[in-house]
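**Q** Listed below are the residues making up each chain.
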Amino acid sequence: MERTTLDLWVGMFVVAGLGALMVLAFKVGNLSTYNVSESYQLQAYFSNIGGLKPKASIKSAGVLVGRVTEINLDTERYEAKVVMNIDKRYQFPKDTFANILTSGLLGEQYIGLAPGGDAEMLKAGEVIKKTQSAVVMEDLIGKFLYSKAEGSK
Amino acid sequence: MDIVRSLRGIGKRVVNAVWRIGFGARFFLMILVYSGPSFRRIHLTIKEMFSSGVMSLIIILVAGLFVGIVLGMQGYETLKRYGSESALGTLVALSLVRELGPVLAALLFASRAGSAMTAEIGLMKATEQISAMEMMAVNPIARVIAPRFWAGVISMPLLTAMFSAMGVFGGYVVGVVLIGVDEGSFWSQMQDAVDFQHDVLNGVIKSFVFGIAVTVIALFEGFDAPPTAEGVSGATTRTVVQSSLAILLLDVILTAFMFRGD
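In the order they appear, the protein sequences are chains D and A. First residue of the first sequence: 1, per the working numbering; consecutive thereafter. First residue of the second sequence: 154, per the working numbering; consecutive thereafter.
Pulled out of the complex, with its shape left as it was, chain D reads as follows (with noise of 0.2 Å):
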């Protein structure tokens, strides 16, 4: 058998099409942002989750430190537990502040981090006790419609 012009037109054609998959998955997909890298679980309570999702990013000071990977709620409690997975580079103090903030006004969802003072860190595991739900706008309304109406007595 032999090579044959066109063997090296349909050897192109696959290439060239792996290489678009390739482009998709890479440059359009978030294929390179899968972290690779080792992470650890933490776990947080909140009384609201709002609208946060599973997969949502877990942010310190803007910078992506993790992704949420469940959430359920906890019938002991009536809370909503959220485990995360942090980066392994990332490592909190036990006081550390979990808010769920909003990336603009209606953006997606995400846990901020917000670190404390304490000398030790949290470990693999451990449950950050300093939480804050998520803004519910009803909740917010009606606080300001209350304040309004106590203003002008």
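Honestly, I wouldn't trust all of these hints.
Below, a list of computed lysine to aspartate or glutamate pairs in the EDC-like style, where the Cα atoms sit at most 20 Å apart [to be verified]: (1) D:Lys27 x A:Asp377; (2) D:Lys59 x D:Glu70; (3) D:Lys123 x D:Glu70; (4) D:Lys59 x A:Asp345; (5) A:Lys200 x D:Asp7; (6) D:Lys94 x D:Glu120; (7) D:Lys123 x D:Glu76; (8) D:Lys55 x A:Asp348; (9) D:Lys130 x A:Asp345; (10) D:Lys53 x A:Glu252; (11) D:Lys55 x A:Asp377; (12) D:Lys27 x A:Asp335; (13) D:Lys59 x D:Glu38; (14) D:Lys27 x A:Asp348; (15) D:Lys53 x A:Asp345; (16) D:Lys55 x A:Glu383; (17) A:Lys233 x A:Asp348; (18) D:Lys94 x D:Asp118; (19) A:Lys165 x A:Asp348.
Keep in mind the hints are simulated off the structure, nothing from the lab.
For chain D, the structure is supplied; the task is to place chain A on it using the hints.
**A** This is chain A only, laid out in the frame that chain D set:
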């Protein structure tokens, strides 16, 4: 006795349709059973990949570029109203990778390569080349049909990937180069929103399924065509119509399974 005659006509059509479905299913199984030679004698498949895949390249690439350009322009017009022009990359990439890439590439493939397959096999049958092979104890399904099937099934995802990549490039040219959307946010928002497994891989699965559907319909229509000039032309028309409908129907089903609003 007009009623009886028209009833008889309806019955004949229904029976004929069921007959064809059964024959088509058996045909598909035969292709799978006899697809050994198309890998053992790979040059057969490569030759067909040239005529169905490589020859479709130009139309796929040009169409992808145009679709991306149009998506970029229309998307910008709409997103500008909400002040979120930076989401243009997300819009272009998601709509291409999930829907437009697989569906449009398959439709183009059906009309460019599928119709050619039908005409070729229909003509081989009309000129009794298929019967001649059977006479020489060469299985026409193994020798003629299966290589074309595998060539189409392998080419389809590759063509789709090129279509989508070309479309994203078109959207980039219009959005970033011509209109002036910020390049960094164009790419970063796109990478944030497009998930490899959920979006890219599901698009590849879709195009793979479409490839199977288009080639099986095209080959079956050719194989089943009446051996006359009129029969072959009718079969070619049916290939384009039926494979277009099959692509869109399969897309509804696959989308319902893959993206159930989670």
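**Q** Each hint needs a verdict: does it hold in this structure or not?
**A** Hints versus structure:
Simply put, Lys27 of chain D and Asp377 of chain A have alpha-carbon atoms about 45 Å apart, too far for the 20 Å limit, and the pair is violated. At most 20 Å may separate the alpha-carbon atoms for a hinted pair to count; Lys59 of chain D and Glu70 of chain D meet this at roughly 17 Å. A hinted pair counts as satisfied when its Cα atoms are at most 20 Å apart, and Lys123 of chain D with Glu70 of chain D qualifies at roughly 18 Å. Simply put, Lys59 of chain D and Asp345 of chain A have alpha-carbon atoms about 15 Å apart, close enough for the 20 Å limit, and the pair holds.
Proximity of Lys200 of chain A to Asp7 of chain D is assessed by CA-CA distance (about 8 Å); at most 20 Å being required, the pair is judged to hold. Only pairs whose Cα atoms come within 20 Å are accepted, and Lys94 of chain D paired with Glu120 of chain D is accepted, the gap being roughly 6 Å. For the hint pairing Lys123 of chain D with Glu76 of chain D, the CA-to-CA distance comes to about 23 Å; that exceeds 20 Å, so the pair is violated. Of the pairs offered as hints, the one joining Lys55 of chain D and Asp348 of chain A holds, with about 11 Å between alpha carbons and a cut-off of 20 Å not exceeded.
Restraint check for Lys130 of chain D and Asp345 of chain A: the C-alpha separation of about 29 Å exceeds 20 Å, so the hint is violated. Proximity of Lys53 of chain D to Glu252 of chain A is assessed by CA-CA distance (about 24 Å); at most 20 Å being required, the pair is judged violated. The suggested pairing of Lys55 of chain D with Asp377 of chain A is violated, with an alpha-carbon distance near 51 Å, which exceeds 20 Å. For the proposed pair Lys27 of chain D and Asp335 of chain A, the alpha carbon gap of about 16 Å is at most 20 Å, so the pair holds.
Under the criterion of a C-alpha separation no larger than 20 Å, the hint pairing Lys59 of chain D with Glu38 of chain D is consistent with the structure, at around 17 Å. Between the alpha carbons of Lys27 of chain D and Asp348 of chain A the distance comes to roughly 11 Å, so the proposed pair stays at or under 20 Å and holds. For the hint linking Lys53 of chain D to Asp345 of chain A, the alpha-carbon distance of about 14 Å falls within 20 Å, and the restraint holds. For the hint linking Lys55 of chain D to Glu383 of chain A, the alpha-carbon distance of about 58 Å lies beyond 20 Å, and the restraint is violated.
Under the criterion of a C-alpha separation no larger than 20 Å, the hint pairing Lys233 of chain A with Asp348 of chain A is inconsistent with the structure, at around 25 Å. Proposed proximity of Lys94 of chain D and Asp118 of chain D is supported: the alpha carbons are some 6 Å apart, at most 20 Å. About 50 Å separates the Cα atoms of Lys165 of chain A and Asp348 of chain A, which puts this hinted pair outside 20 Å; it is violated.
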